[in-house]
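> Please assemble the complex out of the two chains, which come individually in their own frames, going by the hints.
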Amino acid sequence: MVAALALPGAARTRPRYGGTLRVEVEGDPWQRPGGLARGLVLDGLTAMSLDGTARPALAVEWKSENDNHRWQFRLRPGVRFQDGSPLNSSGVVASLTDECGGECPWTAVHAAGSSVVFTSDSSLPNLPELLAGDDYRIALAGAGNPVTAPVGTGPFQFTAFSNGILTLAANDNCWQGRPFLDAIEIRTNRSIQYQWLDLNVGRADLVEVPAEQLRQAHDQRLTVVAAPSVSLLALTVADTGALANPNLRAAIALAVDRGALSNVVFQKQGEITASLLPAEVTGYGFLFPAERDLNKAHELRGGVSPPSITLAAEGGPAMQLAAQRIALNLHDAGFNVQVAASSASQRGDLTLRRLALASNQPQPALESILRAAGLSIPVSESTPEGLYKTEREILDTHTIIPLLYLPRAYAVSGRVRDLRLSLDGTPQLANVSLSDVQPEAAP
Amino acid sequence: MDQARKRYNPPKREIEGNMKPRSGLRRVLTIAVLILFAAGLRGSVAAPSDPWEQPAAALADQIAAILGPSQAHLVIRNNSQIPIDEIPAIRRLLEQDLKARGIQASGAESANVIRVTLGENLRERLWVAEIVEGNETRIAMVRVEPAALQLQVSISGITLRKEAVFSALQPIIAALETADGLVVIEPEEIVFFAHSPDGWKEQTRVSIGQRRPLPRDPRAVVYPVPDGHGFEAWVTGMSCKGLPQSSADWTVHCSESDDPWFLTPPQSTRNAAAADMSIRVTPLRAFYDSARDYFTGVVTPNLGADPPPFYTAVVLPRSDGGGLLLNGIDGRVMFAAGGALKPVSGARDWGSDFALLSSGCGSATQIVASSSGEANADSLRAYDLPALEAIPASAPLTMDGTVTALWSAPDDKSIFAVVRKPAVAGQNDPYEVDRVTAICN
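Protein sequence lines, in the order shown, are assigned to chains A and B.
Note that this note's numbering numbers the first sequence so that position 59 is 59, with each residue one more than the last.
Note that this note's numbering numbers the second sequence so that position 290 is 290, with each residue one more than the last.
Here chain B stands alone, though its shape is the one from the complex (with noise of 0.2 Å):
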């Protein structure tokens, strides 16, 4: 069977945008930290003796199999990614394996010539070992788990952050965090993972039985029940119910639906917190316009102004009372509240999907949008929103990909974004769920 392949991704933590100029000895203080930071992780990551440890001894094993003890000229070639500052060490780990097993390195009059090629495929790194005799050639190999760590490290002020959550070769449209573990969205089917020390482990996943062929960019939102264990979610065509038995173990319930979605939480803790502001107290919801991608404009309960269709909303807490953020299928950014829909400036950058995010910093509330731009990459931004002008209060944060999908944490105290990238050699998995949070300078 076609076995969807997850992994999970080391945190890849990259931080940008200054808003902000810093003061000398601030910068010198964050360089200081960052020094300790980068030491600490190559501490770690340099953890296990010697990652070469093992391939030598075996290609060292191989080699001795072929040649039998004798003399060999050792010739070592890097065709790989390995830092050639770390090729000596390979050399002398791998003079060390073949002394041990009867092979003594000698100069290049030898008539043995043991030709080694540090090599790499898509998948994984390739030693391939040439063992000359005369005019025979013969072969041996070994493969070598690719060392992967990636990390990029930069400086901020007022600060977007992200770190790598999880990641797929299917496409995932929505996913939630519980207590149970991880709920993932994709098209089709509800996937449950649990933590486990490698990492998220797949445990179960279920078919969600749309009988409607999908949009061709499909969507869904997923909240947590107000427990923390289990889950609503709005899928297409569909809406569906979930609740743990075990970790292993869930018991969903889906059907066609074309009831609203929640725009926000059915019953959030938060709404009591802004029991001042009543459009969150009230959930609202919106219909969905299940043959394309977007909402029909259709909110209930009814603002009292007449939304278009939109591709995303939010509810914005504002020290005037609420409001209703939508983001309208032509590209406009309206903020409905009050009866009434006003235009909101400064939006143009803006991509389809924002979220708020509580960050505690300034305003306290800002809105995350994605880029519109041509670029290589989307970005996100935050935004505040005094007097509906959209005022950047981040710089923008480099997502290394699409973004399809952007949604608030229950608490909002970050945001997730479902990131595709770009098909790079030897990156399998091209859909990857990102947490976005901000820190206050």
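In isolation and in its complexed conformation, chain A is listed as follows (with noise of 0.2 Å):
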């Protein structure tokens, strides 16, 4: 799983430079996580590599110290923001300060020379790996708007956004070298019908398909790439209010039917899991059953009638839906359930939601799945045993259950060459050319 996957036939002729890629999107680009402007135009200190590990980025190299509880990151020298001004450790600490505010995972953070450190009261094993992450993405503080036009380092700047299309232009200074593409043009907030029309008659290079389209893309013959199994569905669950009980939770998790979410809702195309992390990372995954059990269900409801309990689901109308199905389980199991639409500050007892697996290591894996649910656990086990004690801990609350495993797709035009995707199933379109561009000489 999580493999990061490419079109075929990549290389042929090397890249040609030059030409326009147009992407359409559902939602807002600037989106964290996974919006696809903020990973062109904004880099962090670390970024994922294929293995899950972190790799080097604005940061050159790192140390932790103190168990894990100080980490020193040393700035790439030499690294300027698309306006021409330098990155510096002071810089790189507004930032960060900026994105996270207070819900940062660290107690502090300064600069030091050209290093920034890290100092926190808990140890912070997985720092790198998370410093990968959509979240701690660096701007240039005090530039640009830092929602829809912010400052950066990465391989494309802003340059407009009008009409609902957001123009990215070629970074030519970028440390990381000037991408192929001259520059990206992202129409957003358009529907994935108008997105595939516009596909077919060639009025877009790269468009969405959602995990319940995958199979519907692959009948129209759309050439597709997708990342599989990268992002979790799981409902998290207050342990508060209607379900402090935690019976009432365990008796929620037994009463989901995974398989008819999978086959109904997502028409196949998601793996059904009752653990955490996939089984193709831990080995292990087996050990978490995932069959519905009513009748073990009832038991543990105790013939207790609970108050009416609220579903929120975040996300469009396959989100819904199957917001729509789980309330179905749950009244065959004797609750009632409301379901409403959700946001980030609006949660319900139950909130389904969707969580991007950061990487393909389990420990990093697991926390940034934690952290994405709003359960700050650092993971400090690393062996398969102390992995399982750590999700089985966490699963036995009940305050999380896993449901399945969902891919991320895009379709893309005949035009479109070396497209990836990253872990998170996030395009890596610095590294994307057009084959349909003429030769161009160096400025």
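None of these hints come from the bench; they were simulated from the model.
It is possible that part of the hints are untrue.
Said to hold, decoys possible - Cβ-to-Cβ under 7 Å is the rule here; a few derived chain B residues that face chain A:
#1 141
#2 145
#3 311
#4 315
To be verified - With beta-carbon atoms standing in for the labels, derived distance ranges:
#5 A/264 / B/73: 32 to 40 Å
#6 A/268 / B/136: 46 to 54 Å
#7 B/87 / A/239: 51 to 59 Å
#8 A/241 / B/105: 47 to 55 Å
#9 B/105 / A/386: 36 to 44 Å
#10 B/104 / A/303: 39 to 47 Å
#11 B/348 / A/104: 25 to 33 Å
#12 B/212 / A/107: 32 to 40 Å
#13 A/173 / B/348: 30 to 38 Å
#14 A/239 / B/101: 24 to 32 Å
#15 B/73 / A/376: 40 to 48 Å
#16 A/392 / B/225: 56 to 64 Å
#17 A/338 / B/104: 26 to 34 Å
#18 A/122 / B/136: 30 to 38 Å
Note that beta-carbon positions come from the ideal geometry of N, C-alpha and C, so glycine has one too.
As structure tokens, this is what we get:
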């Protein structure tokens, strides 16, 4: 799993520079996590390599001390922001502080010469992997609009947003090298139906394929690039209020019919799971049974009629449909469930969410999932036995109920070359080139 | 610190391409040789007495610590790629090891059940025992190192053969085997490896020290110095020289440079052997566009022709004198000789990279070119070039990924290819250097 997939037959001739890639997305390209524009404009101190470990990005090296309570990251020299300002440690500190505000995983961060130093009251064994995430990308403080037009060090820079189209231009001085494309146009808030229509008539080069429409995309013979099992569909369960009783939470976990969710809502594109980490990452996934057990759910409920509980779903129509399905499952087990849309600030007793799997190394992957679920539990165990125990302890609280692992996919036009998806399924557009551009000389 | 994890790949040989029909006798002999070859390999793989002995004993230890002396029903489930015919042997080992620790395997009627799952994840095998005593289930696990051996053999006539030399997580843009080890050029570092019993072992890495941003598709060339100890390298915008002080210690000097890159080794003994070909006696150099990924077309000494910008060029010896074969960034393959630039036909299937191979077969020297077609993996194919027409001299050799760099060994008797493999679950080294050689039939 978690194989970042590529378009077949990448090499052939060397990529050519030039051209504009036309991308269409259903949501906001700046959203976190996974917004396309963020990864193109902003870099992190680290980046995620294909084996799921952190590799150098804006930091060239790092070391930990004091049992991972103190980390020092040395910055890459000579890096400049897209406006020409030099990257320095105080700028990084300002950016990180702006990015995570009061919810940073570390206790303090400060500049020390050409290094950035993190200190934490609790051990942060996976900080390098954590810093590769979307939440900790570095933007130039005080420049541009930090939300919709940030200034970063990435391969593309913001140039305009007009009529729903975000335009990014190649950063000629990018420390990673100028991208092959001259520009990327991202048409935002475009429905999947219109995205596919635009792809078919040659008005778009890269469009989204939701998991539940993957089969349809194949039926329509779209050229699809997919990364399997990159997000965990899970229910987060409040352990207060109506569901303070752990037996009720356990009953909910047993009442959900994962098979129906996978087969009906996600068109058999999901991988059923009752463990937080995919079986391919751990090898012990089978120890967490995923079968529905209504009898036991009734037994655990113990004849108690709990008060009505709310189920919120984050995301589009498929997530709402999945929530409706889960509500029916829970009704079978004697729960009265009201389904509602969700926002980050307004969650239900139950919240159906997609949690990004940021790594295929079990330790940072588990920590990233827990953090995305709002459970800030540093994972220091690295052995299979230790990880199993950690997962078991967390899942036995029934505050998070894993359901399915879902793929992330895109469909592309015939002019797109060398498209690869990163571990979290984000397209790596800086390495994409177009087959129909004419050879051009460097300026 | 982020460690670039390197490992030696056991040689994976794949032989493809038969351009000639084989006689019956020859076919029989070839098959016989292959059977012997395969049998020999199988024998060598199975050498250590039993790879399952250690994990079976370790799992039995853990089970015994949980269960104590007793009877239990042993159930084994295989969720891994262990061949099904090896499961009885694993069962026997587990039963023996459990018995030695006081646990007697019994029938299904036993109150205790030991459910062993032979599983695996992206990195390793994992054996998990669920020990069920009444309503209580306890877990034991052992990790099993993956036994990696992949071997594919097929048959050929005139044949290209590949062998994995080295693989790495980080991008490789050029490499050189020297008398002192392996020099690997990464976009920003030069890494030195020495032979060890376990394969290549990293000795040291040196920053190239570029001050300007690299292009997105960085390239490099690296040649040995004449005595075989040390190297000269050209990396986008830089040139470097390295001399070994010992196998683990190299002195490397890199400096910014817009000097033209050598298209052939700077001082090659081959040049003397080809003294009748003036173009090879004087090494050719070409200016590289350090903001892009190609040569500008300016070649020194002047060829008399006016080459277009090109991705790749090789000096091609021919009976009528040498010339420069080049692949323009417009995809056209041209031959520059005698002050003229002539198109080469039959090269429409070529990708951007090719290299010279002195196979000794047929016309003695072939061009090996990467493919240009859409496929799941690039391929390499040898071509003869009589009368400016590319004639296939071998069948395509599949490379299991994208060929990102291709160059001739210093003696031209083999070529090296960097292959970027598609991301595959459990495969963590996407960049592989393959040595490609030819077998004459």
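> Mind listing which of the numbered hints don't hold for this structure, in increasing order?
Of the numbered hints, 2, 4, 6, 7, 9, 11, 14, 17 do not hold.
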